[in-house]
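Using the sequences plus the hints, can you model the full thing?
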Amino acid sequence: MPSFISNSSDRLPNPAAKRAFVFGLLAAVVLLAVVELRLRQIGFRPTVQDSKELWAAQRGRAALLGKQALILVGDSRMQLGMDLDVLAAETGLAPVQLAIDGSEFLPVLADMAQDPAITGKLLVSGDVWKLAADRPHDRGEEWVAFYHRKYKDLVSAKLETLLKSQVQQQLALYGGGIPPQVLFTRLTSPGMVRLFYLTTYANRERDADYELVQQPAFYINRVLRSLGQPLDMNGIDSREKFEQAVGEKLRQSAAVQFSADQFAYTNSLGRQIQNKGAQLAFINFPSTALVRTIEEYRYPRATGWDVFAANSPALTVNCWDYPEFGFELPDGAHLDRRDKAEFTRRLVAKLKAAGFFD
Amino acid sequence: MQFDSFLFLIFWLVVLALYYSIPDWRSRKLMLLIASYLFYAAWNPPFVVLLWISTNVDFCLGKLIGAAQNQPRRKALLALSLLVNLGFLGFFKYADFLNQTAAEILAWFGIGYQPQPLGIVLPIGISFYTFQSLSYTLDVYQRKIAAETSLLDFSLFVTFFPQLVAGPIVRAPQFLPQCKTPRQTAADHFVWGLTLFLFGVFAKAILADVGLAPVVDRVYADPAAFAAADAWLAVLAFSGQIFFDFAGYSLCAIGAAMTLGFSLPDNFHCPYGALGFSDFWRRWHISLSSWLRDYLYFSLGGNRVRPLRTVFNLVLVMVLGGLWHGAAWTFALWGIIHGGLLAVEHGVKHAAGFRPESSAARLALMLATFLLVSLTWMPFRAQGFENLAAMAAALVRSDGAAVLDQSSRIAVAGIVSAMLVWHILAREIRLEQLFERFSPMVRGSVIAGLTISVVLFSNGDSRAFIYFQF
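Residue numbers (our numbering), protein chains in the order written: chain G, 1 to 358; chain A, 1 to 470.
Which residues of chain G face chain A? A partial, calculated answer using Cβ under 8 Å:
{"hint": "1", "residue": "R19"}
{"hint": "2", "residue": "F21"}
{"hint": "3", "residue": "G24"}
{"hint": "4", "residue": "L31"}
{"hint": "5", "residue": "D153"}
{"hint": "6", "residue": "V155"}
{"hint": "7", "residue": "S156"}
{"hint": "8", "residue": "L159"}
{"hint": "9", "residue": "L163"}
Worth flagging that the hints you see were computed from the coordinates, not collected in a lab. A quick note: this is a predicted structure, and the numbers were derived from the prediction, not measured. By construction, the Cβ of each residue, glycine as well, lies at the ideal position given by its N, Cα and C atoms.
The structure is reproduced here in structure tokens:
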């Protein structure tokens, strides 16, 4: 067995290590360049991979910006619905995207309330059924913990996130939207694989291009997710039959009843935030078609949003109440990238009219 | 900064550019030292002070020990070095653990004591540089080496960035002589250093992180949800994960040092092709196991004492080795098991003179060693004794759902089998010799394949090297 003590001359394979390495590296660079060009040729664009590191970078920014920060908290509706350039231009503030796809907003809101450095303005997209004190463990909690325990004090983590997101933003082959396992299929049979409909940017702004999704399958999936119960799709061959089946399923479930107590926790967070001199507004984003039907049935406004809004110390805006927010939502719940800027402009106008930016 | 990061890539390129543009050797070393402090500060700047104190204390004490003729004075100076180094290590790594253990012992006697966690942040790599620095004062005390006269060289020995945070643990006689003359780096050396680095990143980022870690994490997170076959797969997957993670790091360190003309010792040599546990420990984390052997096991009398005392020595060294990895009783258990296995093996060799000669017997012994080592990784990986018990129960349960998807199973089985075959076939030869057996075209293709894989597959969530936490 060789000694564990070695010197560099022991370690040299002979001959031609240099030539093999240079050949290998050149071959790799050429092949990767070909893959990149081919991906772009068939329509793929670079996209940053949304991750807890990327979120943590923005979370740190929110604390640094202080009063200048316009912090966005919520879920995918907030992340897909807000145009950060428009927000910056319309408000003069620096938008910080802290919404987390598929998560509860309460862990992030609690984190905002506890941090004395958070003194800016906060926009929160929240569904009433998420306002209860008894909150489930989800990604929001995990990402907040990651920021405080493994990110906040580490210089290298911050620099790495910055570099990585910039590289991902430049290269289609390095983006989060391309699972390498299916790369070969994509390169050789572009028609067989659909382009990824989501594009994320280094500032965590996200675009959804619904022209790239297969309808009505995408819409049906979204409705079924909102319904939260399995539905037998056998024999359902028209929109009417689908709506009927969803309606029947819905009637088998009971509406959620809220009490004012369940909003106490969220309201206490709101007061904590406002006591620091920060401002807070809750936005109920628009929804349409069956997604809206499900939400209206399952979480009745009279005992849900309306009670919450009446007791909230913060400003509340329900987009369902205003016709200017009546955008067509391709999946019933999210804005298409083409409508995002206009929606943002209208929301800012509404908030300005309510004195939120005074 | 991690080796498999863009930040390190930029840092390394800048260091190489500066290093090779500075003609003066002393200035080069100074630049390397500053770069090493920056490398460390990139994690947590205040902890650089700790590193600096450790370096300076041992440099001064080494000189004093070297100059002292009076034995009690030499002993006192060595004790001071041990106190400072182990004091830092003890405070940062074990304070909360000892506090919690005290509370548990008091609870047995019905005394209620509920300490608040001290919330001490562990300085990264403290276990590694403490042992490295300590080995120097121990060597000077034992008159194996003369005290170092250059603070610059000594500081570079403790702080050299490729091995600073996760080893290999380099000894002073291996490194300090390299500081005395300018390092000459031939193009072939430089390129082989890059190749080793690429192997290391591939092992860590692709095999450990992408191929094996997801299965390990899923099963260990909720062992009760998995069928026995999946639990076994996770146990074997962790054997692969920890090997590729740590051996990958060591290869990166050796490769990065080689591009600067420095040679670092091997840290792994086909450990899963080991014939028994003493052979395993000659092949796994070689720089730590040899450190524990030379400075602890031999100091306790090694095997030149009564048989029972030898057993005690083996178990004690392995328990301390376990606790070196982490402040938790599961690590101590891991050490006890390995110490016990070493003691049994020692006894069998002595009493029965067991030496497998035939190929079949050797192969059987290798596989048995691998299987037992894999099982002993369970306390190492488990998050506490409850998790360990759940994992052990999952291995023998007759029900449970087959939750893992087929592609994960195939990936784990493929990677672990290939690793095992490689370790068994290449146990007597080095990586250099193995690589040399292929034609330049094959070698070039391997490098191209690894580079492409690293670029394409490593774009997910990055995981820290497992050994950073030690």
